[in-house]
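Given chain A, work out where chain B should sit, using these hints.
For the record, the sequence lines run as chains A and B. Going by full-length UniProt numbering, the letters in the first sequence line up with residues 1 to 428, in that order. Going by full-length UniProt numbering, the letters in the second sequence line up with residues 1 to 429, in that order.
Since the hints were made in silico from the structure, they are not lab data. None of the values given here were measured: they were computed from a predicted structure. There's no promise every hint is true.
Said to hold, decoys possible - Selected chain A positions facing chain B (in silico; Cβ < 7 Å):
| # | residue |
| --- | --- |
| 1 | G27 |
| 2 | E106 |
| 3 | V112 |
| 4 | L113 |
| 5 | A264 |
| 6 | L270 |
| 7 | F274 |
Glycine included, every Cβ here is placed at the ideal spot set by N, Cα and C.
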Amino acid sequence: MRRAVIAFTAFLGALFILLASPAWAEGESLRGTLQNQGQPVNGVKISVTSGDGQPVGEATSGADGKWEVQVPAAGSYKVTLDQATLPAGTVLKFKDRATLSVQVFEGNYRNVLFALASGDAAGVATPPDGGGSSAFWTRVAQLAFEGLSLGLIIALGALGISLIFGTTGLTNFAHGELLTVGAFIAFVLNSTFGLHLLIATPLAVIVAAGFGYGQERFFWGPLRNRKTGLVSMMIISIGVAMFLRYLLLFLFGGENVPYEQYVAQDGIKLGPVFTTPKSLIAMGIEIAVLIAVGLALTFTRLGKATRAVSDNPALAASSGINVDRIIRIVWAMGTAVAGLAGIMLGTTQILNFQMGQQVLLLMFAGVTLGGLGTAFGALVGSLVVGMFVQISTIWIPPELKTVGALAVLILVLLVRPQGILGRRERIG
Amino acid sequence: MIRIAPFGRVLAVAAAASLALTACGGGEETASPASSAPAAPASSAPAAAAGDGVLTVGALLPQTGDLAFLGPPEFAGVKLAVKEINEAGGVLGKPVVEIDTDSGDTKTDIASQSVDKLLQQNTDVVIGAASSGVSKTVIDKITNAGVVHFSPANTSPEFTTYADKGLYFRTAPSDVLQGRVLGDLIVQDGSDTVAILNRQDSYGNGLADEVEKSVSGGGGEIVVKTAYDPAAADFSADVAKIKEANPKAIALIAFNETTKIIPELKKQGLGPDKVKIYFVDGNLADYSKDFPKGTLEGIKGTLPGAKAPDDFRQKLLSVDPALTDWSYAPESYDATVLSALAAEAAKSDAGTAVASKLIDVSKGGEKCTDFAACLALLKEGKDIDYDGLSGPVEFSDAGDPSEATIGIYQYDAENKYANITYLSGKVAG
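Chain A on its own, in the form it takes in the complex (with noise of 0.2 Å):
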């Protein structure tokens, strides 16, 4: 042969293997290699004409399947298989593709692919999975999923910036980067001290608690004291937000990094639905602390009192609440969460800098349309969205899918200006 060997074999998935080839550059040739699942398929004859239709060469594909043809220059070419040479039981997948018209470029081969399924001799090619409809509902429950997946995720931050709002007023625009430092204080102890991400999950959910008492105590705190205007602190949550992310940025870089344990897990099979054990023990993680944050607003002392600051905080505190106390324990167990939803968010997908300022424009939108201020409509708003975010790739290209949340939230808002679990608030 002219040209350098060229040895593959590649059956049933397994890998190619190339030994040699500095071979192009050395003359134009078409080529290929049949296969029907798999099998090479040898004896076929392939015709090549140029493309005014004059003759070039012919080719048998081999034992290996392999056929080449060598072609006088560049040009386009027109490559022929003649489907009577097929062996019994093998097809063309497409029939109509017989002939194709092939661009040969200056100094290069060019393979050539003839798709062959198993089909019976009338030329009827058996699919080879089970068809188009079952393909679709499995997307869907697969998307039903991630929508809860996500949803889960959003409203463990919403639930803070729900608390936050409703108990202070402030819109806190920096809660996203209260995930991405809570997902970045565990991947510290997780790979710099080395804890388990088992045993660095809780302690980081402790230590961003602290982080957001702290933030409550020595910053928001005093700027209401000195009443601060609610839209000056909106705009410094704004300089907060973007501090804390560069911050971030400035310390661990602007590539994503993983956690040490449990990364690119192998996907297992529940029914209809792909999923991976850290995706199902992250979700059962989240249900749980939305559960027993739900509880504890409900019936406890501390749940009552938070959510009678948040009704009417001069009440609440003529009747004997500590105002002030209560705020901070909102902003540590708000900032705990959100830290928690960072570290869930980092493990089922990756840690950045900008993972929290990817899911803020959400965790807002969940917010606002369970209702501002309360904790239960921002569970059931970011459910919503969650769900609709992913559900609507269906219908809309995925690149868009914020975009159709966003749509929900605008159309919701429309009929029900008070968000889905929001009460109508009372003026005068």
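Leaving out everything else, chain B in the frame of chain A:
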């Protein structure tokens, strides 16, 4: 007290509005790029357009963002070139000044601020950016200032025809070639149903189109082609869409999001052990620290550029001992050397003058392969043809390399990639 109804709503609206604002203006001055070289001493000299006698090379390369992994080898390439040029006596008798800035990525606005900074410091040639998407956001600003925009890594086909006033050049080949090679590789591996998952940007869409052309031209079928939003919180919906189409091969045209997408593919039963996965220059990197052993085994990928010779690697390591990747280092080196040679040939460091000679020094003349030798030839008044480390570097009239080499790589069990073969081809075909 606080809960007055209209106020809550105003807050919500303001919240939404300012969220949009932060989203756009996100990337303020943080990650402030460190200038490795002091500003040109003669910064009070005349405007850059006329040339101030000092060739100032501004590196606009990723220190942060999706392509941050490409930054170190590219910076090292530029630094090494500047070092060698200055050791050979500099350009027009004066040492070349290098200013390093961060290009960030398309999600942030860092690049545009970096360009402002470079232009203020009388930069004559901007080397960058790595991402085609980023280059597209700053190309007008750079070329309108009469400064050469020279990318070592942009591969989007769009730039070939972009109205760049003749000031845009690149040492990386257009994705027309990479797409053709990748598509051919997929067809060669026998996959008749192929999915393409690509970034929604100038680079991703451009390369996806070329791969599609090549695969369907060779007899394969693209069953699904999905663009994704790089800033998405997760990619499960995107992967579910591909899963539904049940492809035999997936071309993953991504940047650093790969570390999020691969686990998702594995989760939904589309891991490299089940389907054939192909990477491109945007995500062909060393993932030995990111994934457990064996995660990427068998994945193949394409990367423009010839093999970086071992002694070149050694020299790069002397500039940056921490280097582990070599992607686009030769291209960055060549871009810097070519700019210096063009400035020398034009006897001016002004951007427009450099641009007018760049095509000249890249082809047609006496061959030379390093700055010192080329400079000697130029001083003798000869026409030169610089053959660089990244290839013969023959510029077409549009400022693209007209022929190039594409390497084909495969991942091993350590999640590192090794070369299988190099293929050369002409971009126009």
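Against the structure, the hints come out as follows:
no. : hint : verdict
1   : G27  : violated (13 Å)
2   : E106 : holds (5 Å)
3   : V112 : holds (5 Å)
4   : L113 : holds (4 Å)
5   : A264 : holds (4 Å)
6   : L270 : violated (12 Å)
7   : F274 : holds (4 Å)
Hints 1 and 6 from the earlier list are contradicted by this structure; the remaining hints agree with it.
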